[in-house]
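**Q** Chain by chain, the residues run as shown.
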Amino acid sequence: MDIRFDKREAVYIQVIRYFKEQIAIGELKSGQEIPSRRELAQRLKINPNTVQRAYKEMEEEGLIYTDGNKPSMITKETGRIKEIRESLIDEAIDQFVDRITSLQIPKEQVFDLVQSKLNELGREDEEKHD
Amino acid sequence: MIKLTNIEKRYGRKKILNGVTFEADKGQITCLIGINGAGKTTILQSIMGLTPYQKGEITIDGEKLSPKMLEKITYIPDTMTLLPKMRIKDAFQFMDDFYQNWNGERAKEILEFFKLKEDERISQLSKGNTAKVNLLMGLAMEADYILMDEPFSGIDIFSREQIADVFSSHLVEDRGVIITTHEISDIEHLIDKAVLLADGAVKKEFMTEQVREEEGKSVIDVMREVYQG
Chain S
1 MDIRFDKREA VYIQVIRYFK EQIAIGELKS GQEIPSRREL AQRLKINPNT VQRAYKEMEE
61 EGLIYTDGNK PSMITKETGR IKEIRESLID EAIDQFVDRI TSLQIPKEQV FDLVQSKLNE
121 LGREDEEKHD
Chain V
1 MIKLTNIEKR YGRKKILNGV TFEADKGQIT CLIGINGAGK TTILQSIMGL TPYQKGEITI
61 DGEKLSPKML EKITYIPDTM TLLPKMRIKD AFQFMDDFYQ NWNGERAKEI LEFFKLKEDE
121 RISQLSKGNT AKVNLLMGLA MEADYILMDE PFSGIDIFSR EQIADVFSSH LVEDRGVIIT
181 THEISDIEHL IDKAVLLADG AVKKEFMTEQ VREEEGKSVI DVMREVYQG
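If you read the protein sequences in the order shown, they are chains S and V.
In this text, residue positions in the first sequence follow UniProt numbering: the first is 1, and each later residue adds one.
In this text, residue positions in the second sequence follow UniProt numbering: the first is 1, and each later residue adds one.
Be a bit skeptical, because a hint or two may be false.
Stated by the list, open to error - Residues from chain V shown here face chain S by an in silico Cβ test under 10 Å; the list is partial:
#1 I29
#2 E109
#3 E161
#4 D165
#5 F167
#6 S168
#7 H170
#8 V172
#9 E188
#10 H189
#11 I191
#12 E215
#13 S218
#14 D221
The hints are simulated quantities; they were obtained by calculation from the structure and are not laboratory data.
Here a beta-carbon is modelled for each residue, glycine too, at the ideal position from N, C-alpha and C.
Input sequences plus hints: build the corresponding full structure.
**A** Following this line, the structure appears as structure tokens:
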């Protein structure tokens, strides 16, 4: 578990985003235990109150849940996990579209560029597997 | 909560503290930031009743300073005060003999946390390890508040990292910490509140997560504004 923190963004927001990403790519699985507030603070070298804030927010958003005094766990609601994944994809596309429109590139060219970039990545992956 | 209201202190004609006001909550890490001479050490010593001040008020959990209230606080100065010929374990025994609120179990635990051995002689410790033992002596006291004067000063990066790890650990759990430093980068993500000092006065007091979230600024951005305005 490693986050490169942006010093100008609230740390708790970065922690939540990290959890969402890990959930979206299946690195954190539904029902899986997550580290305690203290463990995570030690691991990431951040303030335990900040972790507390992130966990509270994630609990409210239904990302994690806590049963009594047991360790918190990733939600078991598959619908929620699907939503997290979709919202992350949405965010990424928004950011991409935002930047690319500010460069005023014709749509067709954008499609071509994305297509060839993805092909390139695909080839690299194949080579890795060889 | 430790609360300072309008503290003024003079040495002769020289004003050392010029109306210092800030609060440090329990369960939070409050960081006093300022260059040497800004008044950081004097503030800690004023809280401990080690130096007189002429005006203002200091309260701890709503009560004025008294010997009984001072038992709630432990002060860790920036230099080691123990006899250098002692082994660490002798120093532990010494503390156990003289201080009721010394927690020997905790002391051993912190020793392990810092990967130090109790047979080592204090005079033979490296600078970084001396700083760690110094910190340990304070952390092992049962107290609600811990004041640390420049725990990162003049030591190597790995010792600084190990000391920074204390702040996210259970070793300070639920206690109130006031730490002074002139170098923030080691602990930027570990502190709750920053109090920026200059010329014996508070220039700005802010919650670090709040300025990141609401203003998109790092602690150093705010420092730049305040000090270089």
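**Q** Which of the numbered hints are not met once you compare them with the structure shown?
**A** 2
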